[in-house]
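Chemist: Chain residues, written in single-letter form:
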Amino acid sequence: MSMEKDTLQQTQTLDEMLIGQYRQYKELISENDTPHLRQIRENAFQVFEKEGFPHSGTEMWRHTDVDALTEDDYVHELKAPVVTENIEDIFQCDVHDFDTETISMLNGWYTSKTGDLKTMPDGVVVGSISAAMKAYPELFEKHYGKITGSESNGFVQINTAMMQDGVFIWVPDGVKVTKTLQIIKIINRKEQLFVQSRNLIILGKNSELSLMHCDDSVDHQASLVNTVTEFFVDENAHLELYKLQNLNDNSALINSTFIKQMANSTIKTNTLTFNCGLIRNSIHVKLDGQGAHADVLGLYLMDKEQHIDNQIRIDHNVPNCTSNELFKGILDDEASGVFNGYIYVARDAQQTNAYQNNNNIMLKSTATINTMPFLEIYADDVKCSHGATVGQLDQEAMFYIRSRGISADNARMLLLYAFAADIINEISIEPLRQRIDDMVKKRLRGELSVCEKCVLHCGTPDKEYHFDIDLSQI
Amino acid sequence: MSENTDNNILEEVTSGEYKFGFFTDIETDLAPRGLTEDTIRFISAKKEEPEWMLEFRLKAFRHWLTLKVPEWAHLHYPEIDYQDIHYYAAPKKRPQLNSLDEVDPELLDTFKRLGISLDEQKRLSNVAVDAVIDSVSVKTTFQSTLAKKGIIFCSFSDAVKNHPELVKKYMGTVVPYTDNYYAALNSAVFSDGSFCYIPKGVRSPLELSTYFRINAANTGQFERTLIVAEEGGYVSYLEGCTAPQRDENQLHAAIVEIIAMDDAEVKYSTVQNWYPGDKEGKGGVYNFVTKRGLCKGQRSKISWTQVETGSAITWKYPSCVLLGDHAIGEFYSVAVTNHFQQADTGTKMIHIGKNTRSTIISKGISAGKSNNSYRGLVKIMPGATNSRNFSQCDSLLLGSRCGAHTFPFIDTRNHSSIVEHEATTSKISEDQLFYCNQRGIDTEKAIGLIVNGYAKEVLNKLPMEFAVEAQKLLAITLEGSVG
Chain A
1 MSMEKDTLQQ TQTLDEMLIG QYRQYKELIS ENDTPHLRQI RENAFQVFEK
51 EGFPHSGTEM WRHTDVDALT EDDYVHELKA PVVTENIEDI FQCDVHDFDT
101 ETISMLNGWY TSKTGDLKTM PDGVVVGSIS AAMKAYPELF EKHYGKITGS
151 ESNGFVQINT AMMQDGVFIW VPDGVKVTKT LQIIKIINRK EQLFVQSRNL
201 IILGKNSELS LMHCDDSVDH QASLVNTVTE FFVDENAHLE LYKLQNLNDN
251 SALINSTFIK QMANSTIKTN TLTFNCGLIR NSIHVKLDGQ GAHADVLGLY
301 LMDKEQHIDN QIRIDHNVPN CTSNELFKGI LDDEASGVFN GYIYVARDAQ
351 QTNAYQNNNN IMLKSTATIN TMPFLEIYAD DVKCSHGATV GQLDQEAMFY
401 IRSRGISADN ARMLLLYAFA ADIINEISIE PLRQRIDDMV KKRLRGELSV
451 CEKCVLHCGT PDKEYHFDID LSQI
Chain B
1001 MSENTDNNIL EEVTSGEYKF GFFTDIETDL APRGLTEDTI RFISAKKEEP
1051 EWMLEFRLKA FRHWLTLKVP EWAHLHYPEI DYQDIHYYAA PKKRPQLNSL
1101 DEVDPELLDT FKRLGISLDE QKRLSNVAVD AVIDSVSVKT TFQSTLAKKG
1151 IIFCSFSDAV KNHPELVKKY MGTVVPYTDN YYAALNSAVF SDGSFCYIPK
1201 GVRSPLELST YFRINAANTG QFERTLIVAE EGGYVSYLEG CTAPQRDENQ
1251 LHAAIVEIIA MDDAEVKYST VQNWYPGDKE GKGGVYNFVT KRGLCKGQRS
1301 KISWTQVETG SAITWKYPSC VLLGDHAIGE FYSVAVTNHF QQADTGTKMI
1351 HIGKNTRSTI ISKGISAGKS NNSYRGLVKI MPGATNSRNF SQCDSLLLGS
1401 RCGAHTFPFI DTRNHSSIVE HEATTSKISE DQLFYCNQRG IDTEKAIGLI
1451 VNGYAKEVLN KLPMEFAVEA QKLLAITLEG SVG
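The listed protein sequences derive, respectively, from chains A and B.
Those letters in the first sequence? Residues 1 to 474, by the numbering used here.
Those letters in the second sequence? Residues 1001 to 1483, by the numbering used here.
In isolation and in its complexed conformation, chain B is listed as follows (with noise of 0.2 Å):
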């Protein structure tokens, strides 16, 4: 292959805008830029919560003002103003929940654009979508169907006000607002998110979505989500991210967290999208999550899938604490970082109980100027009897000037336990390339190929609505590089 060719091809993807670069035009309804004690009694008015939510959120503010902004991972950003974001914003016509029709026909556009317009999805697809546009859900479908079962799925601030007595008892229990700087910022400011609580023995019908999207400028997005299976429950959640193309970096620090009773699962899907900024490195979502399953009863198990695309900054560590004997977590991820992305994600495996069982399988593709770290904890903590770990850590890369790195910590006090790390980095060899190419399989086409085949492992794991997706967004962002 000729120099020329690899360099068109090169170009190509990196010139490649992103797809969902759109801005709806909705009246949005803004707090006032900077973070106080005021602004915390805005959102809170706003959203008309109890006392105790306040109290919660202040506790979270005052602890937050303690706090220093973490500086271990590889990432490399300007410092983030705080005072100069708009906390709040909602979209000032708030549809009405009976019917799609009431729905502002600019937010439906919005959705069909995203390829998953409401009517659609409620039509073919069977799942139930909780779309949450810049903080505050907007419409939730199916609910009737799951409340039939007795599955609660709503909104946090819906749950907020209508399950007070679940959300006190869980809320803050995996995730403390103590826990780290992000949290204890989203703990303060949180604008809304979906709540899920599945009875004992309710296995969901349906799998539960909700699509996040970040519209206004200069707001940062903080939802957080909270799941709940009782014994025996089970539920597959979806959760897709999207952001309009704008310059100024937009902060996004969400917050989930999940519980798992005996012999209850749990499955998160993400697919995350969103705006990576441009070929200079220009704009982008900064992105601090901060992720959490707790297996606290026997069997029970909590599964995460992710595949991150997009995003300038990821700082993302979906975690299981395996807390009830013979639980298990599992960690599945693809992230692709292209331009000047950089991505510090991985997971913690934390086990407690006896004969616990964890995988992970992480796998990255790094190409253009981006950075792509795998960071990663497996504890074996002294009780954990019998506990087993399998990690493994792959990267691919794709041009020569990225970076691609693994920072994996094993962490292991009990003899009986067996822990296994292994990772590798290497690029698309020519010998591949070379086998395809001699089948009539063109360059770019065998790019596809083997790198779809190289995350296939972790695609697998994926619902099928959201793998067909995940697989188109590889292909459009990685089409044809080769370095």
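Here chain A stands alone, though its shape is the one from the complex (with noise of 0.2 Å):
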């Protein structure tokens, strides 16, 4: 009778599993923190095991499919492996005429021939988040676990408690960094990993840097990744943020970036998603100095039963910051797509700009989109704006387009392009745009998710495509 139910083995949901895990082996977990980061991990912790994982019914994640994935099984690694292969045998990532200085992670786990931390010439300190922690504690004690903020959901809190590895990069004040940071994420692994990563960048005074975040996955085996990611920006610095994400349609990321931003400082982000399972951008930009400026730009092209959600979050919590917002999106064949933007304005933050845009083409009818721009606003002397559309190509620059004597593929291919170049201009690094844009070409032909190999490992570096159009009929 009940003997059939007694010899299955019971399978462990995943936030049963990190809590058994972290009741363990929290000694390991912990072992280079400060009593202070000891506390942060103990707090986040409770806070888990109380409130878990979001799931389907919370109000904010009631279109991303989290139940499936948080009742998974997932091997999670709480010990570096010995890393035998050589990363670059792996994936080389080949921007063209684009010099970078890369940090790769591998399985979640920082990997560098020179060392866990170094100092780079011009002073800027890039390496593990673990060793940084003993190197720096006051910086630690200063920003870690701040910028995340109180109201986080499960995902940070769980990151928070178990977090083990991840990219600390400092730069110091008055520094511009003139060389572009490159963080390359790969999963190869045969099991289904669940993999967290913690990483804390701070910008000192007066400083710049651009920084290209890669998360791609090498194979086709599922896993899971958790990543955190907390900026400071401090007076009158810029940063410049690159997310490229491609990975396997059997990879889910959820990324959780916080962005603090001190008076006058800028920053532009431009996250671009070309291929991943599912994935969830969460980006909150605190404006917290007054004359801060930021740029949060976003394009995705997803097809198959691909889905997308971004969760964009500005705070506009002092007067005189301005703010800009643009998501665009084309869907196809199943794929989900979510935006929900949210402009907060505190009160007395008056003379406030913002504006929010999200506009999505659906190509099939298979696909789906929520778009849900949201503004709350408590200061009166505020220009806030947004706007959201769902549509197709225009039919009649299609016809415009055929009828100078281009194919309907051709002229297709030429509209969404068109459609996705106001992102891609956005992107003032050269070599980065001009490859972004071959990958923008590529992904829409299809092309880019058929490499098997690599997902991002696409062709020679001095293939360039170019649409068939002779311009001279046009």
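Hints may contain errors.
[Unchecked claim] Calculated cross-link-like contacts (lysine-lysine; reagent style PhoX-like; alpha-carbon spacing at most 20 Å):
id : chain 1 : residue 1 : chain 2 : residue 2
1  : A       : K364      : B       : K1354
2  : A       : K134      : A       : K79
3  : B       : K1379     : B       : K1354
4  : B       : K1046     : B       : K1161
5  : B       : K1169     : B       : K1059
6  : A       : K364      : B       : K1379
Think of the hints as simulated: they come from the structure by calculation, not from any bench.
None of the values given here were measured: they were computed from a predicted structure.
Join the two chains into one complex using the hints; note that each chain is given alone, in its own frame.
Modeler: See the structure below:
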């Protein structure tokens, strides 16, 4: 009778497994911690233990199926495995003519031949977060765990409680980093991994940094990646952040980014999503100093059964800040897209100027889009506006192009490319812009996702992509 | 403009007390406080309802017990003790329905003060009024004119008695008792309301109108309106609401259901100026309303127009389900909040049929320490080919202590549809004021002018009689309030 049930192995849900692991291996997990960090971990764990992961009933997670994710079986490593393979052999990012300083993370662990923490000639410190904790306790005391704030969800809490590795970057006051830094995160394992990584990036006063953050997978093994990144952007500093997401269709990525901006600082983030099974990008910008400006941009090109969820929140906490948000997406097949923009203007944050826009193109009726552009405003002398559109290719424009002798496929490509170009043209690093431009064109032709060996390792650098359009006919 | 005059003007606005705050001393017939199955049997017995109606109420009540109070709205108020409310209040001296002379003079006076005295209405304005005071329909006029056309316009209780087959057929088909917490509550305890039936091919010659008014202390008002327009029918329906000044919060949870068949058109207009509480935020009406229209037939059209100036708490989303092909849904709203008022209002447009169209124009105006939110859903189902939506939600802030919020939800599942949403938040600019001042218009009048211009798009959609009243209401609520 009940024999069958008894012999069946009781499978653990992810939160049960993690709670068990934390209790059992607390010492191992927090071996590098200062007492201050240990307390932050413990607090986060207690919240997580009580609330767990968000689920389908949680309002802000209603459209993203996290239940299926958190009920699956995962392997969660608590010790960095010995890396035998050379990371450059598995993966290479060939943004040609584009010299970057790369930081590699393999399966959630910092891998570098030059040591865990290094100081560049210009004074910039780059390295593993676990090494940095010991080296710079005062910086961690000041910033770590502060930028996420208390309203965080279960994914952020469990990351705070159990994080072991990640990237640490500190740009000291007045340093302008000329070479773009590139974080490459690769998942390459046979098991279904649950990977957590935690990044802390600090920009001192009057400093400048441009950073690329690439999430990639090299095969088709499923994984769940939970990343939390905190940015502190001090007065007059400038941050440029490019996120490239190109993972396999079995991957799930939960990405939580928190950015705190001080007076007169500026940031520009550009989130470019090409492939991933399920992806949730949450970007929370806190404008805490007067005169700060944030440009938050994004482009997502999804097909098959891919799911993209962009949650962008901008808090105007002080007067005289400006923000500009633009997300564009093209959805094909059974892909689903979610956009939630949230502009919050605190009481007395006068002279705020905030703009938010989300445009979507749906190529098939099987695709779905949920867009929620929210405004919450408590100050009167503000200019806030938002817009959202969902539509398809303009038939008149199609007709116009076709009447000039351009094939239907090319006309469609041209229009889709033009739609995406608004975001691509905002990329200020020229070689990167060209590269992304190529990627978008390839993605629109469906060529990007067919690459078997590596989803980003795409073709030879000298191969250029052009439209087969005879411009003289236009 | 000096700081001082600013303050004076604000002071003036915030000190504007509720104009309709008076209390008619009519003996009322009260149900005991609290809500049990016995209360429901009491209400049902009082109203001499048939068995099936009682069953419906009890089913709704049992379902209500399983529900939780929704908390997702951007509203903050103390928990309501549903056992501390009288669920039924009817004027004891129930007036005769034969002629106006027999109506309680105090009641007539109430209406006069509201500016809708029945005889005045009857003689001059060509509007048939079904007045509901504390839940029981007192007077219905023009019934014979309407009867000649075959239009049924009566109180809900009369409809249950005289047209049970129609009520049975349509009640709860658009808003089932399982719909939400307040709909379940209303279905269990609804006291009265209006019923309107437009037969096939008939255009109502009159604009039908009801006036709701909450009178007795601690009574919830739970009215229920059902409007059915058969093929080719047309009706324009007006609803106005006021409540006397009372210190304790009064609960109001209404249901409005509209059904439009092929080629039918229903226009539903509301002016709501219930007691919003005093300037300390004390008292006021809690208004939780479920309004929904079903465009069942092809080329049917339902249009909601609302001017919301009252209530301490407003929770209201008049919606359209566009089921028939080529159906049209419209929502025009002006919501004004002042003092400590909170409004969370908007609409839902559910596109199911092909070539369905919807328009949403929402204008929010916040002043004082109030919060005004627009919350709306536009949903395009996979079968809604070539459907189209346009939404525009503007907010105007008057003063630096208020809040204006926009929470639109757009859910699209069809690639041939086009959905557009835009929203802006702003205040009355110094340029606009300066321009008016420079032409000899004082600041107070200028603001009235600008606000009226701002809301004009919606006010224009109101029937004549209401447009005048709505414009006055706007002027009263916001006169001279500049931030």
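Chemist: Each hint needs a verdict: does it hold in this structure or not?
Modeler: Each hint tested on the structure:
Straight-line distance between C-alpha atoms of K364/A and K1354/B comes to about 16 Å, which keeps the hinted pair within the 20 Å bound. For a cut-off of 20 Å, the pair hint linking K134/A to K79/A stands: about 18 Å separates their Cα positions. For a cut-off of 20 Å, the pair hint linking K1379/B to K1354/B stands: about 13 Å separates their Cα positions. A distance of roughly 13 Å separates the Cα atoms of K1046/B and K1161/B; the hinted pair therefore holds under the 20 Å criterion.
For the suggested pair K1169/B and K1059/B, the alpha carbons sit about 17 Å apart, so the restraint of at most 20 Å is met. Of the supplied pair hints, the one linking K364/A and K1379/B holds, its CA atoms being roughly 16 Å apart against a limit of 20 Å.
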